[in-house]
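Number of protein chains: 2
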Amino acid sequence: MHRFYAPDIETVNLLPEEEAQHCVRVLRLKEGDQVEVVDGKGHLFLCEIVSANHKNCAVSIVEKTDVAPHWGCRLTVVIAPTKNIDRFEWMLEKSVEMGVDRIIPVLCRYSERKQLKTERLNKILVSAMKQSLKATLPQLDELTPVMDVINSVGKDGQRFIAYCDKEIPRRDLVKEYKKGSDVVIMIGPEGDFSKEEIRAALDAGFVPVTLGKSRLRTETAGVFAVAAVHTINQL
Amino acid sequence: MHRFYAPDIETVNLLPEEEAQHCVRVLRLKEGDQVEVVDGKGHLFLCEIVSANHKNCAVSIVEKTDVAPHWGCRLTVVIAPTKNIDRFEWMLEKSVEMGVDRIIPVLCRYSERKQLKTERLNKILVSAMKQSLKATLPQLDELTPVMDVINSVGKDGQRFIAYCDKEIPRRDLVKEYKKGSDVVIMIGPEGDFSKEEIRAALDAGFVPVTLGKSRLRTETAGVFAVAAVHTINQL
Chain A
0 MHRFYAPDIE TVNLLPEEEA QHCVRVLRLK EGDQVEVVDG KGHLFLCEIV SANHKNCAVS
60 IVEKTDVAPH WGCRLTVVIA PTKNIDRFEW MLEKSVEMGV DRIIPVLCRY SERKQLKTER
120 LNKILVSAMK QSLKATLPQL DELTPVMDVI NSVGKDGQRF IAYCDKEIPR RDLVKEYKKG
180 SDVVIMIGPE GDFSKEEIRA ALDAGFVPVT LGKSRLRTET AGVFAVAAVH TINQL
Chain B
0 MHRFYAPDIE TVNLLPEEEA QHCVRVLRLK EGDQVEVVDG KGHLFLCEIV SANHKNCAVS
60 IVEKTDVAPH WGCRLTVVIA PTKNIDRFEW MLEKSVEMGV DRIIPVLCRY SERKQLKTER
120 LNKILVSAMK QSLKATLPQL DELTPVMDVI NSVGKDGQRF IAYCDKEIPR RDLVKEYKKG
180 SDVVIMIGPE GDFSKEEIRA ALDAGFVPVT LGKSRLRTET AGVFAVAAVH TINQL
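Residue numbers (numbering that gives the first Met the number 0), protein chains in the order written: chain A, 0 to 234; chain B, 0 to 234.
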């Protein structure tokens with residue numbers, strides 16, 4: 000059954016314009032057809048189309064189900080957007096598929112990318128949420144300076160900063176992460192975090208980690224970290 | 000220092016044509032400059048350019064180091080190439096970065112892609128090997144029918160088949176994989192393995208697994224499985 004995203008479906012029984020267009024013009028669904036709708040807030044609605052025309056698509060809600068994130072902890076990835084935006088988009092899509100709660104694009108001293116079109120990236124999150132049968136849209140922050148992130152996020156759970164600089168001792172993320180813990184993982188840009196950024200994070204209580212012996216691109220590091228958390232949570 | 004791939008560097012002290020072009024014309028390296036060369040067989044050579052012109056680039060070997068794969072087990076991914084080749088190429092690149100020994104593209108009943116240009120894919124493997132500072136080029140098989148794979152690979156280690164079909168009981172890959180084991184993981188196409196293919200694999204001794212509660216695209220499943228093995232091997 001086709002699945003649509005409509006954050007306000009309970010108050011406004013219409014599919015948003017783009018979803019309606021796709022529903023009516025592309026998929027050619029009509030009155031009486033059933034569709035699934037997610038609101039991005041953890042709810043899945045079985046709906047029936049009550050009217051469908053070229054302008055909009057109205058539905059009635061048949062059933063509402065809770066579809067909470069299944070991984071039992073809050074996972075936040077803080078990551079420097081890559082110069083090549085495709086790579087960053089790929090990382091976002093894969094993180095949503097595997098399961099992530101919040102993504103904070105971070106601006107660092109050695110950041111290759113200093114601007115971000117968050118609206119376009121949100122579409123990727125929505126698409127990945129629907130494709131992977133989730134009902135909760137991860138929070139995607141605006142591009143945030145690293146010092147602001149260091150001083151504000153995840154104080155109730157574990158916080159890790161992953162970097163390549165071998166001069167500052169690191170532990171293994173996979174050994175440090177405690178199954179079921181809320182967690183924030185920070186991953187730096189292509190040129191790594193600066194020594195000052197690393198020290199500021201450590202001073203704020205972040206645990207310094209390596210993701211293993213392989214040298215990973217930024218976007219690969221993001222995906223590996225998410226996969227590692229989910230792997231440990233399944234053990 | 001710049002790194003090049005030259006499988007025959009010990010016998011023919013020349014960089015292959017494409018590498019030579021890049022070295023001489025793009026990077027403008029010259030006599031006396033030092034470069035790193037990997038042979039794809041686990042060796043890293045520190046070399047010095049002895050002559051560089053528009054046709055070729057000759058080097059002398061200064062030092063040879065062994066750079067064996069660091070993950071201590073043989074990891075084989077058997078995966079159905081995706082309809083969208085970009086997605087498959089991402090999966091290959093990310094798998095090489097994290098560490099993989101052999102990739103077998105597999106042809107299944109519900110395969111969306113039934114042809115593959117292995118030569119082009121090998122370039123991606125070479126590039127990822129160089130970028131991730133490895134010296135061993137993973138083996139990339141030709142597209143192989145699934146029954147041939149089932150009957151031939153990995154009998155000395157663990158063998159897993161991952162699928163979505165809920166009617167045939169599955170265990171959790173992350174709980175089943177034994178740290179340090181050689182392992183083969185099979186991942187099916189967008190439409191999943193057929194029931195016959197699953198049963199044939201189980202009859203041949205493959206362990207049926209799920210990668211977790213998230214529904215992953217084929218290429219994401221491949222990357223997740225590789226990441227999970229590396230995560231467990233680091234514990």
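Please note that a few of the clues may not be correct.
Treat identical chains as interchangeable: a pair holds within one or across any two.
[As the list claims (entries may be wrong)] Calculated pairs, DSSO-like style, for lysine-lysine (alpha carbon to alpha carbon, straight line, at most 27 Å):
{"id": "1", "residue 1": "165", "residue 2": "154"}
{"id": "2", "residue 1": "29", "residue 2": "178"}
{"id": "3", "residue 1": "116", "residue 2": "63"}
{"id": "4", "residue 1": "54", "residue 2": "113"}
{"id": "5", "residue 1": "122", "residue 2": "63"}
{"id": "6", "residue 1": "122", "residue 2": "178"}
{"id": "7", "residue 1": "174", "residue 2": "116"}
{"id": "8", "residue 1": "40", "residue 2": "154"}
{"id": "9", "residue 1": "40", "residue 2": "212"}
{"id": "10", "residue 1": "174", "residue 2": "122"}
{"id": "11", "residue 1": "122", "residue 2": "212"}
{"id": "12", "residue 1": "212", "residue 2": "63"}
{"id": "13", "residue 1": "113", "residue 2": "63"}
{"id": "14", "residue 1": "165", "residue 2": "29"}
{"id": "15", "residue 1": "63", "residue 2": "165"}
{"id": "16", "residue 1": "29", "residue 2": "82"}
{"id": "17", "residue 1": "122", "residue 2": "82"}
{"id": "18", "residue 1": "154", "residue 2": "177"}
{"id": "19", "residue 1": "54", "residue 2": "178"}
{"id": "20", "residue 1": "174", "residue 2": "212"}
{"id": "21", "residue 1": "165", "residue 2": "113"}
{"id": "22", "residue 1": "178", "residue 2": "82"}
{"id": "23", "residue 1": "177", "residue 2": "212"}
{"id": "24", "residue 1": "178", "residue 2": "116"}
{"id": "25", "residue 1": "29", "residue 2": "54"}
{"id": "26", "residue 1": "212", "residue 2": "178"}
Think of the hints as simulated: they come from the structure by calculation, not from any bench.
Hint check results:
no., hint, in the structure
1, 165 <-> 154, "within (26 Å within a copy, 39 Å between copies)"
2, 29 <-> 178, "neither (46 Å within a copy, 53 Å between copies)"
3, 116 <-> 63, "neither (33 Å within a copy, 47 Å between copies)"
4, 54 <-> 113, "neither (38 Å within a copy, 40 Å between copies)"
5, 122 <-> 63, "within (24 Å within a copy, 49 Å between copies)"
6, 122 <-> 178, "neither (31 Å within a copy, 38 Å between copies)"
7, 174 <-> 116, "neither (35 Å within a copy, 40 Å between copies)"
8, 40 <-> 154, "within (23 Å within a copy, 46 Å between copies)"
9, 40 <-> 212, "between (38 Å within a copy, 19 Å between copies)"
10, 174 <-> 122, "neither (34 Å within a copy, 34 Å between copies)"
11, 122 <-> 212, "between (34 Å within a copy, 23 Å between copies)"
12, 212 <-> 63, "between (46 Å within a copy, 21 Å between copies)"
13, 113 <-> 63, "neither (41 Å within a copy, 41 Å between copies)"
14, 165 <-> 29, "neither (60 Å within a copy, 31 Å between copies)"
15, 63 <-> 165, "between (51 Å within a copy, 24 Å between copies)"
16, 29 <-> 82, "neither (43 Å within a copy, 30 Å between copies)"
17, 122 <-> 82, "both (19 Å within a copy, 22 Å between copies)"
18, 154 <-> 177, "within (15 Å within a copy, 34 Å between copies)"
19, 54 <-> 178, "neither (48 Å within a copy, 57 Å between copies)"
20, 174 <-> 212, "both (14 Å within a copy, 23 Å between copies)"
21, 165 <-> 113, "within (26 Å within a copy, 45 Å between copies)"
22, 178 <-> 82, "neither (33 Å within a copy, 36 Å between copies)"
23, 177 <-> 212, "both (21 Å within a copy, 19 Å between copies)"
24, 178 <-> 116, "neither (34 Å within a copy, 42 Å between copies)"
25, 29 <-> 54, "within (13 Å within a copy, 65 Å between copies)"
26, 212 <-> 178, "both (22 Å within a copy, 16 Å between copies)"
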